[in-house]
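Chain order of the listed sequences is A and B.
In case it helps, our numbering puts the first sequence at residues 1 to 294.
In case it helps, our numbering puts the second sequence at residues 1001 to 1343.
Errors might be hidden in some of the hints.
[Claimed, not checked] Have a look at the derived ranges for each label pair, beta carbon to beta carbon: (1) B:Val1039 with A:Thr165: 55 to 65 Å; (2) B:Arg1301 with A:Lys92: 39 to 49 Å; (3) A:Tyr260 with B:Ala1045: 31 to 41 Å; (4) B:Val1125 with A:Lys92: 34 to 44 Å; (5) B:Ala1332 with A:Ser262: 29 to 39 Å; (6) A:Phe88 with B:Leu1310: 17 to 27 Å; (7) A:Pro89 with B:Arg1301: 49 to 59 Å; (8) B:Gly1329 with A:Val156: 47 to 57 Å; (9) A:Asn120 with B:Leu1300: 39 to 49 Å; (10) A:Val276 with B:Phe1266: 17 to 27 Å; (11) A:Asp177 with B:Pro1129: 46 to 56 Å; (12) A:Leu85 with B:Leu1333: 24 to 34 Å; (13) A:Leu135 with B:Pro1129: 36 to 46 Å; (14) A:Val276 with B:Ala1038: 14 to 24 Å.
Calculated directly from the structure, the hints in this document are not laboratory data.
Predicted, not measured: the structure shown is a model, and the values here were computed from it.
Here a beta-carbon is modelled for each residue, glycine too, at the ideal position from N, C-alpha and C.
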Amino acid sequence: MDSAGTVLQLLFAGIGTGSIYALVAVGFNVIFKSTDAINFSQGEWVMMGGMVAAATVTATASPVWLACLFAVLVVTGVGMASERLVVFPIAKPTPLLITLISIGLAICTKSAVMLVLGKNPAGYPGFAGDTAVHLAGASIHSQTLSIIAITIAFMVLAHLFFEKTLLGKALRAAAADRDAAELAGIRVRSTVLWSFGIAAMAGAVAGAIITPLTFTSYDHGTMLGFKGFSAAMLGGLGNLYGSLLGGLLLGLLEAFASGYISSHFKDAVAFLVLLVILFWRPTGLMGTPAVEKV
Amino acid sequence: MANMDDVMTRPATGATAAGPRRKPAAGGLTRDHATLGAVWILLAAFPFVAGNEFVVSLGIMFCINLILIASLNTIMGFCGQISLSHGAFYGLGAYTSGTLSAKLAVEPWIGIPLGMAVAALSAVVIGLPALRLRGHYLAMATLGFNAIVFVLFNELVGLTGGPNGLLGVGPFSLAGNALFALESMYWVVWVAAGLVMLAILNLIRSRVGRALRALATSEIGADALGVNVFRYKLVVFVLTAAMAGLAGGLYVHYNQFASPETFGFFTSVMLVVMVALGGWGRYWGPLFGALIFTVVPELLRSFGDLELFLFGLSMILVMLFMPGGVAGGLEALAGRFKRGGRS
Chain A
1 MDSAGTVLQL LFAGIGTGSI YALVAVGFNV IFKSTDAINF SQGEWVMMGG MVAAATVTAT
61 ASPVWLACLF AVLVVTGVGM ASERLVVFPI AKPTPLLITL ISIGLAICTK SAVMLVLGKN
121 PAGYPGFAGD TAVHLAGASI HSQTLSIIAI TIAFMVLAHL FFEKTLLGKA LRAAAADRDA
181 AELAGIRVRS TVLWSFGIAA MAGAVAGAII TPLTFTSYDH GTMLGFKGFS AAMLGGLGNL
241 YGSLLGGLLL GLLEAFASGY ISSHFKDAVA FLVLLVILFW RPTGLMGTPA VEKV
Chain B
1001 MANMDDVMTR PATGATAAGP RRKPAAGGLT RDHATLGAVW ILLAAFPFVA GNEFVVSLGI
1061 MFCINLILIA SLNTIMGFCG QISLSHGAFY GLGAYTSGTL SAKLAVEPWI GIPLGMAVAA
1121 LSAVVIGLPA LRLRGHYLAM ATLGFNAIVF VLFNELVGLT GGPNGLLGVG PFSLAGNALF
1181 ALESMYWVVW VAAGLVMLAI LNLIRSRVGR ALRALATSEI GADALGVNVF RYKLVVFVLT
1241 AAMAGLAGGL YVHYNQFASP ETFGFFTSVM LVVMVALGGW GRYWGPLFGA LIFTVVPELL
1301 RSFGDLELFL FGLSMILVML FMPGGVAGGL EALAGRFKRG GRS
């Protein structure tokens, strides 16, 4: 393979995984915006999206896209139910308490998937089968292109949702100033429910579209969540467009680190660069510094 | 965003509940010192009542876990900072002393202090940039650091043995005689854990401790009162990393083996959870946290695949109904008892 082909290959691999990280990061950001908490179950919803889609494909022989759609709906429901079950009942919610409870939720979600769907790795073919596209000496899995297209579509829809719809505006208002939003007639507690739904949906979409490339099993969620959180921090926690930038950057860093340095050390290299960027720009690439009043 | 830092840096139920009752001035012996002494004398009796070796080995792990959780509680509870790399500091302590012992036959008495120094030094490197910032940045920086260290444990096969683990670590020895007996190992960790608990008690009762409580309540407020917030946070972060390194050194020479998974991201998260379950920012909290961390997995083992689910569920329930952890729950119970049930 010539060097231009290698670069192109790595570029697409990076954008593909980066898109997934970006979707996971959106989930982190939406919940962070509404609760100020870091949601540790985000990664488990990603895994669950892939696992439910795989189980549906196996059980009903339905087309992959339909199974993925079904999985996204199921996981969105699980996300909202989780909020009602473990976050809503908190007497005095603080960000730290929600963060800690989300760790418990992550453990429960992971083991519930293991108990119901088993421990075996699962997968299914891509939306266009397992075909490859050849481009200037690079061979790109068709699913990578699907991932990129779906991520772009999801980001555009998310943008429209937050800018144009009443619910989206209410969510933004509640995130900006809870008391003022409450005074304006927005039910702030129920915006948390919606944010869990949206976060679970973003996670499930990511999980459903990455599984044809990587397979998945019940223990895959933690790592994906961890990467998504890093992408969210890199882009600037709480910033939707930062998620996209952070996700893509992290994906590309990993791809090029494994291509040119060593695939064993790709995580170490990616995180080293991430730490350096964070120390240089603490609020992330697109974040704005918080002004704290006493 | 504005209220995030404010809330993040404050223990769940307000900093006034944090730490032991603050009556006497710094220095000198207090009721907490007396209680600590009594508890440690009781713990000394443990190997005699344990009955079998398995229970003694649980006692050893309890002491090691206590060092980890108590030190993490100091940075989390008293500085209001979440550190997600305690597993990495634990691992650096273990692999430094373990590798020196396995490759160069260095004695644990020299290897463990070196391991503590390595953990402390890495905490300086992470803490210098990360602790200048408030909010989730220490969490992110420590998370990334833990990931990097984990990759190094796995991939520097020549030094660490890689994913198969580090073999051939020597046991503790005293005057040339290896301390193979579990009881003698128990005394070693018992002394170490007692010293760590005493050091933390003295730390939080000192001028540093008062500064820490001030900054846990309001970092900006403490800053305005002339507390050098950054320096105190850094000193405590480095000290607690060294304590985690000590726990690692004790662990590796007790186990005579180390494998990367023990020090991964999951361990770091679980330690944070145990700090919260025990009682965040409460001096006696880690005692309960370490007990849960050591004993509950053993109790749940018989449930097989249900183990993890039950663990997560009980964790959610404790956090929902006892947000101050076990220590907080007991405190509330004692308070109600003192008032004679009138409330």
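Which of the numbered hints above does this structure break? 2, 3, 5, 7, 9, 11 and 14
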